[in-house]
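> Sequence:
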Amino acid sequence: MTFCSRFIQGPTRFTRPSRNPEPSDMIKDMYLFNSAGESIGKGSTVAQFDNQLLVQAHRYVLRHCDELECFRREFLDEEKIKHSPSTSLTPSTIEKLINVHFPDWLEQKVILDAGSGITEKIRALAGKPSKCGMWYSGYIVNGFRFHTMSREAGRLTQKSA
Numbered sequence: 001m002t003f004c005s006r007f008i009q010g011p012t013r014f015t016r017p018s019r020n021p022e023p024s025d026m027i028k029d030m031y032l033f034n035s036a037g038e039s040i041g042k043g044s045t046v047a048q049f050d051n052q053l054l055v056q057a058h059r060y061v062l063r064h065c066d067e068l069e070c071f072r073r074e075f076l077d078e079e080k081i082k083h084s085p086s087t088s089l090t091p092s093t094i095e096k097l098i099n100v101h102f103p104d105w106l107e108q109k110v111i112l113d114a115g116s117g118i119t120e121k122i123r124a125l126a127g128k129p130s131k132c133g134m135w136y137s138g139y140i141v142n143g144f145r146f147h148t149m150s151r152e153a154g155r156l157t158q159k160s161a
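Per our numbering, the sequence shown starts with residue 1, numbered consecutively.
Read the hints as simulated data drawn from the structure, not as lab findings.
Glycine is no exception: its CB is placed at the ideal position from the N, C-alpha and C atoms.
Worth double-checking, as some hints may not be accurate.
Cβ-Cβ distance ranges computed for the label pairs, FRET-style [unchecked claim]:
id : residue 1 : residue 2 : range
1  : Thr87     : Phe146    : 44 to 52 Å
2  : Glu78     : Thr119    : 20 to 28 Å
3  : Asp50     : Arg123    : 20 to 28 Å
4  : Ile111    : Phe49     : 22 to 30 Å
5  : Phe49     : Thr119    : 21 to 29 Å
6  : Ser137    : Lys80     : 45 to 53 Å
7  : His147    : Ser84     : 53 to 61 Å
8  : Asn51     : Asp113    : 24 to 32 Å
9  : Thr93     : Met134    : 35 to 43 Å
10 : Arg63     : Ser88     : 20 to 28 Å
11 : Arg73     : Ser130    : 24 to 32 Å
12 : Arg73     : Ile111    : 18 to 26 Å
Below are the EDC-like pairs computed for lysine to aspartate or glutamate, each with C-alpha atoms no more than 20 Å apart in a straight line [to be verified]:
id : residue 1 : residue 2
13 : Lys109    : Glu67
14 : Lys96     : Glu79
15 : Lys109    : Glu74
16 : Lys131    : Asp50
17 : Lys42     : Glu152
18 : Lys109    : Asp77
19 : Lys131    : Glu107
20 : Lys121    : Asp104
21 : Lys128    : Asp50
22 : Lys109    : Glu79
23 : Lys128    : Asp113
24 : Lys80     : Asp104
25 : Lys82     : Asp104
26 : Lys82     : Glu95
27 : Lys131    : Asp104
28 : Lys96     : Glu78
29 : Lys109    : Asp66
30 : Lys121    : Glu69
31 : Lys121    : Glu107
32 : Lys109    : Glu120
33 : Lys80     : Glu95
34 : Lys121    : Asp66
35 : Lys96     : Glu69
36 : Lys96     : Glu74
37 : Lys121    : Glu67
38 : Lys96     : Glu107
39 : Lys109    : Glu78
40 : Lys109    : Glu69
Could you build the full structure based on these sequences and the hints that come with them?
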């Protein structure tokens, strides 16, 4: 049946456009990072994020951004020089140093090395995140729709726990 339906005139599930389209190239160019998806609806409210959430999010981005790998290595090399040569840094000490001191070190590094090959992306990452953000009611990732629980409230087609 599927084979035959591809040759039938008129709309079928093979000829209909997807309900969950991939983001356009224009939208992808607007953001600092490549986005895996697209928000659903307009950002309805501006949210004020608490400091702990901002610190955790900034720390996560700084630790997982590939463009900052050389800066993380440089930071650790400087920290190893500061500590006495007889004491080696343990993995837990390295983690703590990166979590606590790397964001401030990177911000100072970018300010001091103003014109020496630092890209706009790295400059943006070195700054502190904004305390304001937009809340969206859903997000489309890889062709799947994800909705907030408040959007799903009262709908019969979705049961969230």
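> Each hint should be assessed against the structure and marked as holding or not.
Structure-based check of each hint:
no., hint, verdict
1, Thr87 x Phe146: 44 to 52 Å, "holds, 47 Å"
2, Glu78 x Thr119: 20 to 28 Å, "holds, 21 Å"
3, Asp50 x Arg123: 20 to 28 Å, "holds, 25 Å"
4, Ile111 x Phe49: 22 to 30 Å, "holds, 24 Å"
5, Phe49 x Thr119: 21 to 29 Å, "holds, 26 Å"
6, Ser137 x Lys80: 45 to 53 Å, "holds, 48 Å"
7, His147 x Ser84: 53 to 61 Å, "holds, 55 Å"
8, Asn51 x Asp113: 24 to 32 Å, "holds, 28 Å"
9, Thr93 x Met134: 35 to 43 Å, "holds, 38 Å"
10, Arg63 x Ser88: 20 to 28 Å, "holds, 21 Å"
11, Arg73 x Ser130: 24 to 32 Å, "holds, 28 Å"
12, Arg73 x Ile111: 18 to 26 Å, "holds, 20 Å"
13, Lys109 x Glu67, "holds, 15 Å"
14, Lys96 x Glu79, "holds, 12 Å"
15, Lys109 x Glu74, "holds, 10 Å"
16, Lys131 x Asp50, "holds, 7 Å"
17, Lys42 x Glu152, "holds, 17 Å"
18, Lys109 x Asp77, "holds, 14 Å"
19, Lys131 x Glu107, "holds, 17 Å"
20, Lys121 x Asp104, "holds, 17 Å"
21, Lys128 x Asp50, "holds, 13 Å"
22, Lys109 x Glu79, "holds, 14 Å"
23, Lys128 x Asp113, "holds, 17 Å"
24, Lys80 x Asp104, "holds, 17 Å"
25, Lys82 x Asp104, "holds, 17 Å"
26, Lys82 x Glu95, "holds, 16 Å"
27, Lys131 x Asp104, "holds, 17 Å"
28, Lys96 x Glu78, "holds, 15 Å"
29, Lys109 x Asp66, "holds, 17 Å"
30, Lys121 x Glu69, "holds, 14 Å"
31, Lys121 x Glu107, "holds, 13 Å"
32, Lys109 x Glu120, "holds, 14 Å"
33, Lys80 x Glu95, "holds, 13 Å"
34, Lys121 x Asp66, "holds, 12 Å"
35, Lys96 x Glu69, "holds, 17 Å"
36, Lys96 x Glu74, "holds, 16 Å"
37, Lys121 x Glu67, "holds, 9 Å"
38, Lys96 x Glu107, "holds, 18 Å"
39, Lys109 x Glu78, "holds, 12 Å"
40, Lys109 x Glu69, "holds, 14 Å"
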